[in-house]
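Asks: Start from the sequences and build out the full structure, keeping to the hints where you can.
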Amino acid sequence: MRKSFFLVAAFSAFAACSSKEGSQSAAGATGGTLIFASSSDADAIFPPFVTDITGRMLEDQIFDRLAEIGPDLRTVGDQGFSPRLAQKWVWAPDSLSIAFSIDPRARWHDGKPVTAADVRYSFKTYVDPKVGSPVAPTLTNLDSVSVRDSLTAVAWFKKRTPEQFYDVAYQVVIFPEHVYGNIPPEQLHTSDATRKLVGSGRFRFVKWDAGSRIEIVSDTANFRGRAKLDRVIVVKTDPATEKAQLLSGQADFMEAFPPDQIAKLDSNAFARALAFPQLGYTFMAMNVFTPKSKTVPHPIFSDIRVRRALSMSVDRVAMLRNVFGERGRLAHGPFPMTLGVADSTIHPAGYDTTAAKAMLDSSGWRVGPNGMRAKNGRPLRFTLISATSSITRGLYGVLLQEQFRKIGAQVDFDNLDPQAYLPRMFAGDFDAILGSYGTDPSVTGTKQNWGTAGIGGQNFFRYSNHTVDALLDSATSAFDPAKMKTYSSRAFQTIIDDIPAIWLYDLLVVNAVNRRFDTAPTRADGWWANLADWSVAPNKRIDRDRIGLAQPKP
Amino acid sequence: MRRHLVARLWQSLIVVVLVTTISFVIIRLAPGDPFSYDAGNLRPEIRDHWREQFGYNQPVPVQFVHYVTSVLRGQFGYSFAMHESVSKALAEAVPRTLLLGGVALGLSFLFGVVVGVLQAVGRGGWFDRISTSTLVVLYSLPDFWGALLILLIFAYWWPILPAGNIVDSTLHDYLSGWGRIADRLKHLVLPVSALTLLTTAGVARFQRAAMLDVLPADYIRTARAKGLTEREVIWKHALRTALTPMVTLLGLALPGLLGGTLFIESVFSWPGMGQLAAAAISRRDYDLVTAVVVVGSVIVVIGNLIADVLHMAIDPRVRE
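Chains A and B, in that order, are what the protein sequence lines are. Those letters in the first sequence? Residues 0 to 553, per numbering that gives the first Met the number 0, in order. Those letters in the second sequence? Residues 0 to 319, per numbering that gives the first Met the number 0, in order.
For the record, the hints were derived by calculation from the structure and aren't laboratory data. Some clues are possibly wrong.
Taking beta-carbon pairs under 8 Å as the criterion, some of the chain A residues facing chain B (in silico) [to be verified]: (1) T32; (2) A43; (3) V234; (4) Q249; (5) I546.
Computed beta-carbon distance windows for the label pairs [to be verified]: (6) B:W177 <-> A:Q186: 42 to 48 Å; (7) A:E401 <-> B:L304: 30 to 36 Å; (8) A:T294 <-> B:P60: 52 to 58 Å; (9) A:D127 <-> B:I21: 50 to 56 Å.
Just so you know, these numbers come straight off a predicted model, no measurement behind them. Glycine is no exception: its CB is placed at the ideal position from the N, C-alpha and C atoms.
Replies: This is the structure we're talking about:
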């Protein structure tokens, strides 16, 4: 018998929270405007097309999911999930369907009630091939959604899996059929309607001046209680000036403050640092095939001894301190430590240049008169590419170049425009590459990145080991979280032993926020997870915090 | 004169068509396409699906035929960077750039002419020497660097003016009528100053040279002999003649000014054509890049035409 889940306790807690919110509002505890200086506009804000951080941040404020993942990002079963649009859910005895009961208080921002038909429409839209949603490939186990009654949607699955609840509750955002249902699926991408959002979240959409600003305001009638801030405005700002705007108090928030300048935040009167450990890690991958080829072995990296030697020649701790100061987090392997199945006991081989040099000597790469190594007349020289969109990776590229030089390897570091970097990345047109993987909370993401099935997709350097595939398959099909972790750890260790990459650092973004904001806890899948609970104390408010929710003057 | 104008119009049309074709091809030859932007969860198969949906997987000549056909129907395509039709994006951005560029052009000619005249009149004097050195420094400053310097001084070290945007992102909509005008002016000060400072130098140098050509002329000597005041001689008689080459410069200054706005708009987050172009190029937003280049070339061509017409109107020798 599978679990049925009726969240009486959580519901009561929520009700108490709502009433508290009301009293706070009366006492003036709500209010404030957050100006978010962003170097990029959102790529999309209509849920099926969201791909970037700004879009995800806005999507999560304006829309709701059926259930919300817990702070520890557990993905097995429904443990840790709390109600959102669904106030409860019941598993079928065979676990092949889950009936979600929509909270009868839930309303779209235009006042219409949220219904089970909206849930069905959302699922249909995500998986419709004419739509081409980036989320669709994660929903292959979802067969369909049916409507039992106006407030009960039933999700049907093709097979029972440990993460089927996560798939339906985390990956899918619900949007209203009465607003978007009349638009042909193939036109959703370019339709004006998908730029004027109607959601059910604690913030509602106001306007999007493309390439300039996006504004959302608190939904005061929201069934989960209004957002404490009155409004959030995302202002597209040139990367060269967003820092100046933040440090002068003209903007309130920016993502990824340059790591080499974080010390400025400690003494700045306006802004402070807000560290945010992300679900991601950065590495230098070594292509075992000749660039662009899928079969010809790489003259340098096809030899595991060379990969090992290069890995051991890198002082990862010193580089971390150089770039991040005391704030950095060393990568353990092909997983971030924020992942539920992360294993802190796993480590790549340690820093040892003597052993690295000996290993290169024994594999035939001898030091020449110029101090550089060569084998059969071929110098130990390769190109390392990175994208200019990441300052941190750029800094690491230079440091790696210097570290490899010390053991006689010459690196040509090529920091490319992202539009030039990505086609080369996907085509395997590189010797070595500095890359970052942002993963989702599930170990399924590891399969896409390091599994053979991911070749041609996210596994862009074509790493393949069938033992790893089998271990990751076992991990993703384990219902017992402990077993999932065991299989994952063995898969991670096997990948580390193959040395397809040098693991550099876990993504820890230091955001910067104006000191007048009281922030709520962040979550590894998004600093904005509790943005609706950020607040500004009345005595710290400035002019823009006091506008309230009045309508703009005509 | 009419025949000359018609010929110039045909030339202009050919220039615009050529610019359209070249920009259309060049942006497609650059690495990447509108769907090759950096997005972790965007899988290759989805990118390919979108390429097919929007016809970017077809050969460039086929895409060009489609583009020309839709332009002839009055449709300039869809902008993936702006998430709206190209026409709409341009309709919002072009007036903002014209405002910024127009004000800066007007001010830089006003200051440039005055400074140039004063330099020529006091040739070799202290004002000529100091202002020439200052203007040469300003003239040699890269646009981007100069703008950043101004921003650093007046928005960060001595924060008396807003660092960017066309209006206050939050308060503007809630201000009174006069408040909104003041807000707009306040946001205009830094970008206009940056653009004006960097353009004034060139104008002043031209004006100085033109005045130095005119001042030794016989009719100026005659004017002085007639007993006119020095002010009347300089500002009424000499300047009128010395302004003729400035009309040509006005036409030529437009391309430079448009180029300058690209940097200035980026630095000051001014949502005009410059910022639009920067976003479009970095996103390989094909239709938008082509449209921005075409609109830019049309503005330049119109500027040159206006300069031609004014030149003809001022100088009878050209009319003949």
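Asks: A separate judgement is required for each hint: does it hold in the structure or not?
Replies: Tested hints:
1. At its closest, the beta carbon of A:T32 sits 5 Å from a beta carbon of chain B; the interface hint therefore holds under the 8 Å criterion.
2. A distance limit of 8 Å between C-beta atoms decides the matter here; for A:A43 the minimum to chain B is near 7 Å, and the interface restraint holds.
3. For A:V234, the suggested interface contact is upheld, since its CB lies about 5 Å from the closest CB of chain B, less than 8 Å.
4. Interface restraint check: A:Q249 against chain B, minimum CB-CB distance 5 Å, threshold 8 Å, status holds.
5. Hint on A:I546 holds. Least Cβ distance to chain B is approximately 5 Å, under the 8 Å limit.
6. Distance hint check for B:W177 and A:Q186: the Cβ-Cβ separation is about 43 Å, which falls inside the suggested range of 42 to 48 Å.
7. Take A:E401 and B:L304: their Cβ atoms lie about 57 Å apart, and the range 30 to 36 Å is violated.
8. In this structure, A:T294 and B:P60 break the distance hint of 52 to 58 Å, their C-beta atoms being roughly 33 Å apart.
9. The beta-carbon spacing between A:D127 and B:I21, approximately 39 Å, falls outside the hinted interval of 50 to 56 Å.
Violated hints, in rising order: 7, 8, 9; the structure is consistent with all others.
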